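Chains as they are written, first to last, in my numbering: chain X, 1 to 375; chain H, 1 to 375; chain C, 1 to 375; chain P, 1 to 375.
Everything labelled a hint here was simulated from the structure, so no lab data went into it.
Predicted model only: the values in this text are computed from it and were never measured.
All residues carry an ideal CB built from backbone N, CA and C; glycine is no exception.
Be careful, since some hints might not be right.
Cβ-Cβ distance ranges computed for the label pairs, FRET-style [what the hints assert, rightly or not]:
no. : chain 1 : residue 1 : chain 2 : residue 2 : range
1   : C       : V333      : X       : A142      : 56 to 62 Å
2   : X       : P182      : H       : E350      : 42 to 48 Å
3   : H       : P222      : X       : L342      : 34 to 40 Å
4   : C       : K265      : X       : G147      : 26 to 32 Å
5   : X       : K338      : H       : D177      : 54 to 60 Å
6   : X       : R374      : H       : K116      : 44 to 50 Å
7   : C       : E364      : P       : E364      : 22 to 28 Å
8   : X       : R374      : P       : V27       : 56 to 62 Å
Far from chain C, some chain X residues (derived; all Cβ distances over 12 Å) [unchecked claim]:
no. : residue
9   : T44
10  : V70
11  : G150
12  : D177
13  : K225
14  : K258
15  : E288
16  : R291
17  : G293
18  : L342
4 protein chains.
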Amino acid sequence: MIGGGKDAFIGEVHRMAARLDGHIDLVCGAFSSDPKRSKTFGKTLHLSADRVYGSYEEMIAAEKKLPEDVRMDFVSIVTPNHLHFAPAKLALENGFHVVCDKPVTFSIEEAKALQKVVEKKKLLFALTHNYTGYPMVKEAKAIIASGKIGKLRRAIVEYPQGWLSTRLESSGQKQADWRTDPKRSGKAGGMGDIGTHAENLLEYISGLKIKKLCADLNTFVPDRKLDDDGAVLLELEQGAKATLLATQIAAGEENALKIRLYGEKAGLEWSQMEPNTLLLKHLDKSTEIKRTGVGKLSKATQFATRLPAGHPEGFIEAFANIYKNFALSLMAVKSGKKPNDLIDDYPKIEDGVRGMRFIDKVIESSVSKEKWVRF
Amino acid sequence: MIGGGKDAFIGEVHRMAARLDGHIDLVCGAFSSDPKRSKTFGKTLHLSADRVYGSYEEMIAAEKKLPEDVRMDFVSIVTPNHLHFAPAKLALENGFHVVCDKPVTFSIEEAKALQKVVEKKKLLFALTHNYTGYPMVKEAKAIIASGKIGKLRRAIVEYPQGWLSTRLESSGQKQADWRTDPKRSGKAGGMGDIGTHAENLLEYISGLKIKKLCADLNTFVPDRKLDDDGAVLLELEQGAKATLLATQIAAGEENALKIRLYGEKAGLEWSQMEPNTLLLKHLDKSTEIKRTGVGKLSKATQFATRLPAGHPEGFIEAFANIYKNFALSLMAVKSGKKPNDLIDDYPKIEDGVRGMRFIDKVIESSVSKEKWVRF
Amino acid sequence: MIGGGKDAFIGEVHRMAARLDGHIDLVCGAFSSDPKRSKTFGKTLHLSADRVYGSYEEMIAAEKKLPEDVRMDFVSIVTPNHLHFAPAKLALENGFHVVCDKPVTFSIEEAKALQKVVEKKKLLFALTHNYTGYPMVKEAKAIIASGKIGKLRRAIVEYPQGWLSTRLESSGQKQADWRTDPKRSGKAGGMGDIGTHAENLLEYISGLKIKKLCADLNTFVPDRKLDDDGAVLLELEQGAKATLLATQIAAGEENALKIRLYGEKAGLEWSQMEPNTLLLKHLDKSTEIKRTGVGKLSKATQFATRLPAGHPEGFIEAFANIYKNFALSLMAVKSGKKPNDLIDDYPKIEDGVRGMRFIDKVIESSVSKEKWVRF
Amino acid sequence: MIGGGKDAFIGEVHRMAARLDGHIDLVCGAFSSDPKRSKTFGKTLHLSADRVYGSYEEMIAAEKKLPEDVRMDFVSIVTPNHLHFAPAKLALENGFHVVCDKPVTFSIEEAKALQKVVEKKKLLFALTHNYTGYPMVKEAKAIIASGKIGKLRRAIVEYPQGWLSTRLESSGQKQADWRTDPKRSGKAGGMGDIGTHAENLLEYISGLKIKKLCADLNTFVPDRKLDDDGAVLLELEQGAKATLLATQIAAGEENALKIRLYGEKAGLEWSQMEPNTLLLKHLDKSTEIKRTGVGKLSKATQFATRLPAGHPEGFIEAFANIYKNFALSLMAVKSGKKPNDLIDDYPKIEDGVRGMRFIDKVIESSVSKEKWVRF
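Chain X on its own, in the form it takes in the complex (with noise of 0.2 Å):
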């Protein structure tokens, strides 16, 4: 693990979901850019000390020469934006398989060029956008291919949180102070942050891809340096219209991305915060709540569900989602076979490079007098 280290909430969440179903081990660690630090965090995480390094260079370079089952297999990324692509680039040089968070780079330069690395070195790369991790969000996209909601004519997809409602980054806390940094955060705040995440579910669950879209950014807290909230008119493949939202201004909203989708026969709703629960809304005619562990499902749902009916799965399970496949598509790799489609199911680079032109376009168009720009 490269990152991560005390205080760092995505770091935890990273190997909580690793460990959730025993197929991986923490081997490793470089969990700050303070050799010390690093090693003092790797102690409170039972590491042996020799495998806690100062620095991700360190680490990929030691790791190499260690024998092949004792080895790292692959190295997660949950450092801040701006030092992504380093250690992504020199983990993959060296051989190693990668995780890593979102969105994926700095910049969407960035994110072509490890595309190349990635396809050029043949390696694993995930990408967390753990929230298609979800069983119902699969469920939500197994229904749409099934053509059981017809053809896609409206989408809202909206992510509002509020912990930015105050200039949160001017009292220390960690998480605020380098997503709200154009340095470190890249050209995107609210939009790259949780934006990204909205879009790539859009995609993931309606199948299709954003042709054009017009966005309105806006930074409401003072002297805060990227948007903190914005709305966007899309058009998507076939037609299909959709909006999107992200805000982190959203005064006394927690985490609560939400998506609606409308097709010619019925509608769906899936709200993260109630996770286990898809509504399926027919023409006159009453609606469906679909529930994880609850009768027909698709392979995919019930693939990515732990538990039977009425024991809730929550975050960390559906983030482990996309450990868990892959862990095994690593695993299939490893013995010579190809993952299949179940496993095969996981966020990659090129996910990766679309969130980087949405945010590429969202903030072209934010600034344009033109209605629409192509995406």
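On the provided structure of chain X, position chains H, C and P as indicated by the hints.
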């Protein structure tokens, strides 16, 4: 009453709403353009035959000749949009107050002309934007006016319905028929029918006017003549931003008008389909479930509530609040008093004009290549 | 109308419910035991002064002398429980039909005596167990009658309120005052006031009668004279079991009447505070959200619904369904016809007698050491 | 680990819960009574073959001989009820701490005998009444302990499931098979399996012990050998009253454990299927939606929470809180410290004994003609 004969949904709603509080008696009507059908229908309402008229012109003329304590006090106009202006104008010119269904007229020109008549005659004119009659809508307005949520930043108003997902108008269904016909409905379809409700609700609660907008209008059902779906980006006064969605092809949705408003300090959420609840969301504090009849609520909220907590009030009661305030204002005026603020609270001709301008501007934006259209 | 003067909650509910559909006009009343206050109050209802009476005896005598097409058709009795029997009996004996609030009388003896008068005079008698007027209650009844959920096994009916959590009666609050006074309320407090609603709802929906019960009654608020909380185990016909909870000290609850019924094949859930929804739960299949106005619903459900889907109907509308069916039955009877099943659907004197027996048996069980008391 | 082989639902839950926080490594197991199946299964868990045993006796003997830093620290017993006592006793007597699934034993006699062993050996014993591991359950307990809702008056705890609505045990389904078999499950069916969870949750949150009860137990599914439904009236300490429902024939219900508690000043509501929410209901003031990660919460609540607000945590995380507190207590004990209150918070052998007594008393009451049975 003008219009509202057999099979007319909104006519019966007006009658129930007018009756509820016992201040208003239906005394006469011209229920259909066919005099015979008007007569037959009037009978089912237990009206005396001599006060059921064959046309609104006849009604206005005849009623005017009756003694003041016998003749009608006001007319309710519940015809399709293209038949609002003429009877409203005639009634006003003959000294009758008017309650009129929304949108106020067929075109903005008619709306402005009507506004002049209202102002000249100094008569009461109520527009049935009924959703502002809900107690918790009034509570939301009062909370914002009190400064409790701070300056407004982001609002989301949405009005998804699914009933026009198929080409219902070709089945002869009366409601669908005129609403999708540009000769009776006006320039806009869904944006006029329900988009204006959303616009009115947003301005009523927020207390802020729309400054500019960017609209994307769609017609998804083949061969339909007017929009059945649309999304709008809005800028309000004081720099607040909003999105407005009005769609009638959201398969499986009923009548899901909903509004969320986020200020610097707190957020509000209200849904028409659970109207007695208003969520007040705080920064890092428990969300409060505000309920009609529970705890401290504004005077306007209490005045709009008829029952104790937990006894659900619905659409008819909210609609009746427009009629109640109109009737009490009329009684005040007749006894020479100025209506107080509590009873003077109902949509008026100005709201009608704004609604018509909203339709105009949305249409203008939807065909423009420019991003923003000034309101 | 007898009773229902100033500050009486239920009197105004009866008036709104009676007015809603335009079949009933309030023509006279004896609103208070104080003739002067009755007169003053009648004026606020726009009644002519000569038909506002100083007592119900005076009203019944005077109205009887009026020509048939002028005099009242029926009386509504909305007084406290101890004042139901005498006016109901007098009205019936003088040929007037009766609508009476619940519980029907002060004691079971009175209830049985009244039943004899009703049967002898062959007049209509409606008891306002208003919760059975809700459309989705009728849908639940129809679903069970259709056999769709199979033989009933377990039912849970609960009616928690919190308004009597403190000794409100000592504050002079009128509603609390008489309801906690054994001289006006009868043997039971909460079990009579709201427990009988729960019992009536359970028998109405399930179509099954109570066979035996085991009750635990409590008075939690110091110095209160009647029960303010109680739980009952029940056995119904056909071996079904149920629990019934009626409590008025459930701090923070509004009026949360709710019923769940589980059969061999499916389950049902309905909550009074979200009355337009009925959940139909299946064995290993998606739960269906049944909604008023959506899809195939029973005739009784449709007949009890006034608005299209998504336009919430509430407490007054359900209450008005009792009045509507009573009024239509009365109109049928007056024109020599037998009321059909749709309109004959309202609670009658038999329901009143069962309610009084329920009160008696609950009290009997609550002081018994035996587990079960036969109903 | 003892038990928890192929197709065992709860064994995998224990493993995921134990893994989650990185304090526990699975090092050995006796997964099946069939040594070969145990071996095969151990392989799928990446265990070294020499530490996968053919029986728990073999495992305990062999592990005891290993060096202290290598051998297992404790055993997890995840077998059916009749196979809890013997391995638990043997493990304790050989110096191993124990985590055991619930109900603790087959009979109360076994439970009391085991309690003596635990006390004599002064070893740690955790019982996986996992529902008390939820953060908002701990918040409810803290709120009541703080006096905020006042003296408890009425509690309602219910645990409806629908999965045993049909005679699933005759289909060979493993979970249903042993749970409905008196030779493996014990005296009680549903009341032992889920009723004890409800009982434990009620006593944990309220801080009050059951004093007497009145139970009605039923077996609705033909030819089933144990109860599949039951309702209980309860009296707790301090005069509080409660109802407890445990049913497995509530067709269409998943795992709907829910508790409501009403004190003199406020009420609480928590549902297992939406576990990150706790409603705090006030007298005539807005209900508060308490949420994990939002606002001021008790230390125990915060300690049991792993993610920021709006990132749902579920069943596995709550289960893992039992393991986490047990592991941290064990680490404290091993380093010679007394576990502090935060980590000492998990169900123990006493809870197990109370659960077995609950089963006994419910059975006793269900066949008694007396109303109340002392606990």
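task = Given the hint of 42 to 48 Å, check if P182(X) and E350(H) actually sit that far apart at their C-beta atoms.
result = For E350(H) against P182(X), whose Cβ atoms are near 45 Å apart, the range 42 to 48 Å holds.
task = For the range 44 to 50 Å, tell me whether the beta carbons of R374(X) and K116(H) fit it or not.
result = Given about 47 Å between the Cβ atoms, the range holds.
key: Range hint compliance [Cβ, P222(H) to L342(X), 34 to 40 Å]   = holds, 38 Å
ask   = Could one say that the CB atoms of V333(C) and A142(X) fall in the range 56 to 62 Å?
value = holds, 58 Å
task = Over 12 Å to the closest beta carbon of chain C is the bar; see if R291(X) clears it.
result = Non-interface label on R291(X) violated, nearest chain C Cβ at 7 Å vs cutoff 12 Å.
task = Run the C-beta distances from K258(X) to all of chain C and say if the shortest one exceeds 12 Å.
result = holds, 18 Å
query = Do the beta carbons of R374(X) and V27(P) sit within 56 to 62 Å of each other?
reply = holds, 58 Å
Assessment of proposed distance window 22 to 28 Å (beta carbons of E364(C), E364(P)) = Once the Cβ atoms are compared, 24 Å apart, the range 22 to 28 Å for E364(P) and E364(C) holds.
inquiry  = Given the hint of 26 to 32 Å, is the C-beta distance from K265(C) to G147(X) inside that range or not?
reply    = holds, 30 Å
query = Would you say D177(X) is clear of chain C, with no C-beta pair closer than or equal to 12 Å?
reply = Answer for D177(X): holds, closest chain C Cβ roughly 40 Å.
Interface-negative label, G293(X) against chain C, beta-carbon threshold 12 Å = violated, 9 Å
key: Reported absence of K225(X) from the contact zone with chain C (all CB gaps over 12 Å)   = holds, 44 Å
In terms of the numbered hints stated before, the structure departs from hints 15, 16, 17, listed from lowest to highest.
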